[in-house]
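Chemist: Residue numbers (the working numbering), protein chains in the order written: chain G, 1 to 421; chain A, 1 to 499.
FYI, nobody ran anything at the bench for these hints, they're computed from the structure.
It is possible that part of the hints are untrue.
Computed footprint of chain A on chain G; a stretch qualifies when at least three of its residues, placed anywhere within it, have a C-beta under 8 Å from a C-beta of chain A [what the hints assert, rightly or not]: (1) 64 to 72; (2) 80 to 89; (3) 213 to 221.
From the three backbone atoms N, C-alpha and C, an ideal C-beta is built for every residue, glycine too.
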Amino acid sequence: MGQLIDRRLNGKNKSAVNRQRFIRRFKQQIKKAVTESISERSIIDIDSSEHINIPARDISEPVFHHGQGGSDETVHPGNSDFVSGDKIKRPPGGGADAGGQASNEGEGTDDFTFELSREEFLEFFFEDLALPDLTKTQLARIVEHKPVRAGFSNDGIPTNINVIRSLKGALGRRLALGGPLRKRLREAELEFEALQRDHAGSHSDAIIALEEEIELLKKRIKNIPFIDTFDLRYNNHIKQPMPSTRAVMFCLMDVSGSMDQARKDIAKRFFILLYLFLTKTYAQIDLVFIRHHTVAKEVDEDEFFHSRETGGTVVSSALELMYNIIKERYPSNEWNIYAAQASDGDNWHDDSPICRSILGENIMPLVQYFAYVEIMTDRHQRLWHEYETIKDTYDNFAMQDIATAGDIYPVFRKLFKKQLA
Amino acid sequence: MSKKNYISTSSEWTFDLISRYDAEIGKLAEEYGLDTYPNQIEVITAEQMMDAYSSVGMPLGYHHWSFGKQFMNTEQRYRRGQMGLAYEIVINSNPCISYLMEENTMTMQALVIAHAAYGHNSFFKNNYLFKSWTNADAIIDYLLFARNFISECENRHGEEAVELTLDSCHALMNYGVDRYHRPSKLSAFEERERQIEREEYMQSQINDLWRTIPTKEEKRETKKQNFPSEPQENLLYFIEKNAPLLEPWQREIVRIVRKIAQYFYPQRQTQVMNEGWATFWHYTILNTLYDRGLVNDGFIMEFLQSHTSVVFQPPFDSPYYSGINPYALGFSMMSDIRRICENPTEEDRHWLPDIAGSDWIQTLDFAMRHFKDESFIQQYLSPKMIRDMKLFSVLDDDKKLKLEVTAIHNEEGYKAIRKTLADQYNLSKREPNIQVYNVDRHGDRSLTLRYYQQNRKPLHKSMHEVLKHVSRLWGFTVRLETIDEKDQLEATHECAVER
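Let the sequences and hints guide you as you build the complete structure.
Modeler: In structure tokens, the structure reads:
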């Protein structure tokens with residue numbers, strides 16, 4: 001007879017350390033897998049947890065063992081029709097017995113698949129962008145009022161009547177008001193019975209008086225109202241200021257011929273970063289993708305990143321479209337509006353002042369933040385200089401250059417520096 | 001059947017019921033003469049079971065990424081439903097620790113108790129390999145020591161340095177045992193040595209001065225022609241004692257891996273016997289419980305269902321076939337021995353005259369104590385077993401175009417099959433025979449290993465990776481020579497140390 005121990009309450013994550021070790025050890029491979037998966041994912045589900053595949057051979061633990069070849073005699077069960085001396089064609093893959101061995105030896109070319117948690121995934125994602133600590137950042141938010149329950153009140157509108165509370169109150173009131181009367185009634189009835197027993201048949205004054213009193217008491221008890229306006233209780237609501245949890249993020253990108261895939265990738269990363277940044281603050285985020293060359297068009301994400309156009313560039317078309325969309329669908333008193341614009345800086349020369357005026361007069365007053373990044377430009381053109389005047393006017397406008405993927409995070413930080421409260 | 005006095009009738013288990021089953025099973029085990037360590041039965045969750053899996057059944061292991069990999073793999077496959085978890089894990093320690101999973105039904109818990117807490121337990125305590133290679137009293141302490149030591153090393157020398165050393169040691173883990181001679185005076189001598197080292201270790205903890213003294217190994221020069229004078233099979237031991245550049249802490253780590261390898265060494269050689277023994281006893285004990293009216297029909301049906309799936313042996317041409325199921329082979333052989341003792345046929349008297357008609361409990365007990373898989377099969381595999389399992393042997397020679405069936409389950413084939421099957425469990429044939437051949441003590445200090453080829457089997461190409469590990473431990477160039485059966489040098493691979 002041994003000892004019986006319940007270990008179920010002991011920690012279960014004994015392997016957590018070893019898991020971390022594994023991830024640290026195969027950082028390079030995992031990072032590669034993460035980078036590959038970013039290009040396949042859309043912005044919105046960038047931060048869900050991720051199945052990661054890394055080639056099994058990279059993580060195998062080598063030991064000395066026999067390879068294929070030589071001569072080998074093995075015993076197998078279940079012979080049905082062989083006799084000794086039979087010759088059998090060699091089955092593909094080195095024989096029935098090799099099947100089991102191959103997997104033991106970790107020779108299989110199968111990938112090793114495992115799941116990274118959201119945090120782990122993001123850590124890898126941000127790694128070459130330096131470490132972000134987004135949670136500390138507070139964003140300006142629109143305040144909305146939301147009614148919340150706050151106990152009960154004695155007055156209100158009929159729809160808010162709280163039935164249970166009201167009836168409880170009524171019951172209490174009926175008990176309280178009727179109590180002394182009922183007590184007196186019981187006494188009177190006892191007296192009445194006693195008198196009747198003693199003076200059977202006679203109608204003395206005392207008996208008549210008692211009869212009257214009982215009658216009166218019963219009436220009074222009956223007259224206590226079942227429910228009184230006094231009993232009514234109403235659910236009380238007060239208005240609480242609630243920061244709006246809705247945000248819309250506009251992604252504006254130049255897709256003219258000069259924006260090649262490398263530039264688009266950087267832009268995508270930048271958009272992803274902004275998106276993640278916003279998810280820390282807002283429960284619901286709408287994404288609006290606007291791409292433009294000479295004309296702007298609202299598209300879905302896939303088209304946004306993957307289709308290619310040629311031709312000139314008129315940035316104001318995109319700003320115009322954005323302004324229209326805001327007016328139609330995202331009233332700025334309900335939505336936190338963010339915008340990120342990525343471009344290589346090319347614009348039709350005469351269009352840049354128009355951009356400045358649309359942005360400065362129409363858009364900037366409506367948005368929480370507008371970030372403009374120029375990707376891999378050689379030389380700033382007029383658009384940049386026009387935007388610089390906006391930067392001077394508005395605190396919530398920021399602009400930066402991005403030269404390589406490594407710049408994205410520092411630039412991002414810089415862009416949002418003013419917002420750090 | 002005697003009067004009904006069921007211990008339980010529902011499939012839900014409670015701690016109380018587990019204790020009652022344990023008591024009943026323990027009583028029966030005693031009747032059958034099973035000699036066991038005291039039991040420590042622990043109820044754990046599925047997650048904890050996965051943890052236990054990934055540390056290869058060590059109740060407390062040091063930290064290493066390979067265990068993390070194992071864990072993630074197990075977790076992934078379990079979550080996707082590709083595998084169930086084993087019902088039990090049992091640790092060769094004193095007291096003997098068996099894990100029961102909380103998901104199991106009462107029947108399964110009883111099965112596991114009989115299987116692990118009495119079957120495996122008595123095997124651990126009495127089999128000669130376990131007796132001479134492992135020390136059940138000390139293993140938990142040792143593992144604790146190993147873990148603390150290694151995490152201490154990590155603090156002092158960095159996780160990465162420790163990890164690299166461990167990686168290299170793991171690559172050689174199967175070469176950390178002297179296969180051909182038993183360890184001499186394991187308990188007394190080793191323990192004393194162990195003690196001294198532990199003291200050193202403790203002192204190095206306390207004495208700050210000690211830490212700053214340079215600890216380079218002195219290079220002794222000897223005039224010997226070949227060093228070692230005899231080839232040595234215990235690579236880890238050789239490296240621990242002779243590698244010129246290892247730091248003392250690294251030597252201790254080599255030693256830890258070697259000790260753990262040694263602890264698992266008997267398990268690798270007695271899989272068929274160990275599982276067969278435990279399966280035979282859970283089968284016998286639970287059936288006896290049924291015969292005595294302690295468990296009901298539902299219990300025994302559930303038990304049989306799970307028992308038969310454990311001992312199922314798919315035939316070679318089945319898609320589920322992945323070699324011989326050690327549970328099936330072991331269980332059938334144990335049951336067959338009992339049959340031969342109780343109801344011997346003429347054939348049995350001819351093939352196994354020593355045991356035919358003898359007392360089955362004593363015979364099984366003897367077999368359990370004094371054999372390992374290889375010799376057990378060679379000794380006890382009866383013609384009836386060969387016929388029942390329809391065993392046949394196939395020769396796969398890469399010089400011939402076709403495979404050849406060399407023997408089947410008939411009069412002419414019995415001996416050949418018995419021999420081939422026994423060989424199949426011979427560790428020295430399953431694993432390449434690689435030994436330390438020479439150290440160039442006067443020249444470049446290179447280490448030469450020799451692979452003694454059998455049946456022209458080549459080494460798997462992963463050896464290049466392993467050689468890198470060896471050279472990392474050795475610190476200088478490492479060479480691997482392949483010696484064929486005619487004693488001719490066939491090939492040489494070399495791995496210079498990365499600096």
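Chemist: With a C-beta cutoff of 8 Å, work out whether three or more residues of the segment 80 to 89 of chain G approach chain A closely enough for the coverage to hold.
Modeler: holds (count 9)
Chemist: Between the segment 64 to 72 of chain G and chain A, are there enough contacts, at least three residues with CB-CB distance under 8 Å, for the coverage claim to hold?
Modeler: Held - the segment 64 to 72 of chain G has 9 residues with a Cβ nearer than 8 Å to chain A, which meets the minimum of three.
Chemist: Three residues minimum, CB to CB under 8 Å: does the segment 213 to 221 of chain G make the cut for coverage by chain A? Let me know.
Modeler: The restraint on the segment 213 to 221 of chain G is violated, since only 0 of its residues have a Cβ under 8 Å from chain A and three are required.
The structure shown violates just one earlier hint, number 3.
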